[in-house]
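Protein chains: 2
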Amino acid sequence: MSIDAYTDRYLPLLEDELRDALACRDTLSMYYGMMQYHMGWLDSNLDPTEGPQGKRLRPMLCLLTCEAVGGQVEQAAPAAAAIELVHNFTLIHDDIEDGSSIRRRRTTVWKQWGLAHGINAGDGMLTTAFLKLSQLHDRGVPFQRALRAQRILAETCLAITEGQYMDLAFEAEMDVSLDGYLCMIRNKTAALIACSARLGALVGGADREIVEAYARFGENLGLAYQAIDDILGIWGQEERTGKSAFSDILTRKKTLPIVYALADPELRAVYGQKVLTERDVARVVSILERWRARDYAEQIARRHSKQAMRCLEQAGQATPARLMIRDYALSLLDRTF
Amino acid sequence: MSIDAYTDRYLPLLEDELRDALACRDTLSMYYGMMQYHMGWLDSNLDPTEGPQGKRLRPMLCLLTCEAVGGQVEQAAPAAAAIELVHNFTLIHDDIEDGSSIRRRRTTVWKQWGLAHGINAGDGMLTTAFLKLSQLHDRGVPFQRALRAQRILAETCLAITEGQYMDLAFEAEMDVSLDGYLCMIRNKTAALIACSARLGALVGGADREIVEAYARFGENLGLAYQAIDDILGIWGQEERTGKSAFSDILTRKKTLPIVYALADPELRAVYGQKVLTERDVARVVSILERWRARDYAEQIARRHSKQAMRCLEQAGQATPARLMIRDYALSLLDRTF
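Chain order of the listed sequences is A and B. Under the numbering used here, think of the first position of the first sequence as 63, with each following residue one higher. Under the numbering used here, think of the first position of the second sequence as 63, with each following residue one higher.
Since the hints were made in silico from the structure, they are not lab data. Since the model is a prediction, treat every value here as computed from it, not as a measurement. Hints should not be assumed to be uniformly reliable.
Chain copies aren't distinguished; within one or between two, either way the pair holds.
To be verified - Computed list of lysine-lysine pairs in DSSO-like fashion (alpha-carbon distance at most 30 angstroms, straight line):
1. Lys336 with Lys315
2. Lys336 with Lys173
3. Lys368 with Lys336
4. Lys368 with Lys117
5. Lys336 with Lys117
6. Lys173 with Lys368
7. Lys315 with Lys368
8. Lys316 with Lys368
9. Lys336 with Lys316
10. Lys316 with Lys117
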């Protein structure tokens, strides 16, 4: 069975949950409309449209994991939706914090409706995630497991805000250590991917050690995924990434290859400037080459990718869905090497 | 027994829970420091201090209700703390959305550490509320009740963001109806006070109808409380409210007395201006007097106050703690009449 066969089964289930979570209450069509706009379902006049919707990577992983441990995906659907809502909450607030005016080729929520509504719509999106997750018991998930899922989601959200704090702090800091950077992406990116696999296994009824093996799998997958994203942010081709080459350098982002070479005085001098020219970018690239920073980032990606596969092998029986998780994970990582 | 006797027992319990919820994790002393600063525990250098901390009205109500229905307050303490954390999350984000630089006579979090950290610290505060609430079962609250508490908190938070959306929308709108205004404060203010009494009764083990009677009590108390706050925002004396007289008029807030008189063309003309002079304020006050807008707001406050007391009488046995809730509620409302 191909991943498309799973996608065809899972995505309609997930979309129903998401649309239910963000359905308009009472006369608040404008409020929920902002959230639905962010999801790509409405245009800026709040008329229906089919905008870009994101990859649904996290909920796919959640549902695949549930099925892999022998659970019913219908039961895990509220958890999968909750995770996607948390992901989108972070995007709405990140766009404000970064001052970004474009997301998925559309005006960001805060640019469209102003700062105050942007913050509040993000708060609403986070809250609908917890509300959606609280439906687990209605789908037949036992009380104890449903309550444990709530705690895991709250712990994950706190980790994400910790990671975001670190990311913001690193922007103003020239001495970012590799350990500090890896800790940041563990929280900011890997925690929610770990949560996806973890909740899928938990809701699916797996034993505790299997649930934790899936959590470690997800965390390592998330770390590898982010390392590759960092490589693509510098050396990626525009047609594949949707971003211009060297875009992360132009915006002076301190991603993995940069942090690796940050002991270099020339790099520190260039990154200390307010604005970078094309010539500066070329200088940074040649510094990164001198340091073999791309090799280093690929090595990190490979290490966590291998670690993820080992965790997956520890996660009980090799059911068809578990084999599919392996293929799916490898396809996500197969963007550079 | 006086309210002080309850306060002396409850506040240390509550403070322990709050400090546990916001305790520094790992090396993130700066991140949790921002939240602890907001709570009044640290100064802006993140050194310990004893700043103003707020009235703790909501958690007091939660714990009193738990005791009133025969529950153990130690079990309800995580719920009381979660409610106070939600309240403080709303303050951190409201200050950004209103552009306020001062809160409780101190610089606001976003003014102190910047917009991005301000948004993120608020997100963290909201998340710690859900995490703290997830400890209910550890204190012996049965799974089913603990899970129901999670859903009630999520519903309440969503109502608060809905109320905030309406409040922001009303700022840009001259046609605010009385119904619309009351719906806004029902969500923005009354929902969390209702949640306080509701969770106290639920965790305390009360029957469903008693829980709902306490919820209605809290909602009516919240509506009366906000109506009085609106009166004080115009006619309150500075030494009692900490705000200058007519402060809500100077900032052109559309509070209950204003909304009541908003059909008046002269009032609409004055409120349509960008900046109000002292003479404009005097004009607004005389328009409000002509409409008897203060009488109207007092009538609304009295109606909901009476309704709250009726709900309280329906809430089972008149235990000492229940009688104390009555006195406590009346003392909160006894600020104007």
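Here is how each hint holds up against the structure:
Within a single copy, Lys336 and Lys315 get their C-alpha atoms as close as 12 angstroms, which meets the 30 angstroms cut-off; across copies the closest is 40 angstroms, which misses it. In this assembly of identical chains, the alpha carbons of Lys336 and Lys173 lie at most 30 angstroms apart whether taken from the same copy (24 angstroms) or from different copies (23 angstroms). With identical chains, the CA atoms of Lys368 and Lys336 are never at most 30 angstroms apart, being 39 angstroms at best within one copy and 62 angstroms at best between copies. For the homomeric pair Lys368 and Lys117, the shortest alpha-carbon distance inside one copy (23 angstroms) is at most 30 angstroms, but the shortest distance between copies (54 angstroms) is not.
For the identical chains of this complex, Lys336 and Lys117 are neighbours neither inside a copy (34 angstroms) nor across copies (45 angstroms), given an alpha-carbon limit of 30 angstroms. In this assembly of identical chains, Lys173 and Lys368 lie within 30 angstroms of each other by CA distance neither inside one copy nor across copies; the values are 41 angstroms within and 45 angstroms between. Taking identical chains as interchangeable, the C-alpha atoms of Lys315 and Lys368 lie at most 30 angstroms apart only when both belong to the same chain, with a minimum of 27 angstroms there against 59 angstroms between chains. Taking the closest pair of Cα atoms, Lys316 and Lys368 come within 30 angstroms of each other only inside a single copy of the chain (25 angstroms); across copies the shortest separation is 60 angstroms, beyond that limit.
In this assembly of identical chains, Lys336 and Lys316 lie within 30 angstroms of each other by CA distance solely inside one copy; the values are 14 angstroms within and 43 angstroms between copies. Taking CA atoms no more than 30 angstroms apart as the test, Lys316 paired with Lys117 passes inside one copy only; the shortest distance there is 25 angstroms, against 43 angstroms between copies.
Going through the hint list in order, the structure does not satisfy hints 3, 5 and 6.
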